[in-house]
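Starting from the known structure of chain A, arrange chain B on it as the hints suggest.
For the record, the sequence lines run as chains A and B. Be aware that the first sequence starts at 1, since it is given in the numbering used here, and climbs by one per residue. Be aware that the second sequence starts at 1, since it is given in the numbering used here, and climbs by one per residue.
You may find that some hints are simply not true.
[To be verified] Heads up, simulated BS3-like pairs for lysine-lysine below, C-alpha to C-alpha not over 30 angstroms straight-line:
1. Lys44/B / Lys38/A
2. Lys38/A / Lys70/A
3. Lys3/A / Lys38/B
Source of the hints: derived by calculation from the structure; they are not laboratory data.
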Amino acid sequence: AQKVTQAQTEISVVEKEDVTLDCVYETRDTTYYLFWYKQPPSGELVFLIRRNSFDEQNEISGRYSWNFQKSTSSFNFTITASQVVDSAVYFCALSEDYGQNFVFGPGTRLSVLP
Amino acid sequence: DAMVIQNPRYQVTQFGKPVTLSCSQTLNHNVMYWYQQKSSQAPKLLFHYYDKDFNNEADTPDNFQSRRPNTSFCFLDIRSPGLGDAAMYLCATSRGAGNTDTQYFGPGTRLTVL
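The following block holds chain A by itself, in its conformation from the complex:
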């Protein structure tokens, strides 16, 4: 069974628009961690955030914000006032304390047009 779903395969927005990337996960573990990574065209996976299952507080970092809701098993990522440099593939990942290590979602390709 797929553990991490990113239903949006590709999204295109115009610069300065806000955009939300969805991530829905599935786990039976009570302790788990969720991650977001950015993969620009250069190929390197850049770490953005790590959130543990006991911390549902939303987080904001500059133009980035994350909304973690255990009730819906979602960990969505919003970019405010998007920029062309935000164009990349974004991966959500789940790591279970006693289960599978680092399962990535299929990724969402974000294109920000000038």
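Structure of chain B alone, referenced to chain A:
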């Protein structure tokens, strides 16, 4: 300043000709990982080392081997590359063995098999 270094960035080999990809890290992390990422797909974990302990994923083909001679270096050996092994190979590190530790990725080596 690069923390996880992969050489070369691009590697071309011939069908059936052994090839070795290398990864080094300056983070002094205990764990090193190798992922395979095919075009438009999520990274897939092949194996990882916790110190000298090797952990192979169940579905990693025998054609893929790894060596970790010391803390800083880890190698991926593909004994007889097939056309289906053409992919981006990503190395990552994490401080601890826990599934929940953040992984830091190198820039990847793109392997072409002719």
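Results for each hint:
1. Lys44/B / Lys38/A: This hinted pair holds, its Cα atoms lying about 16 angstroms apart.
2. Lys38/A / Lys70/A: 23 angstroms, holds
3. Lys3/A / Lys38/B: Within the cut-off at roughly 19 angstroms; holds.
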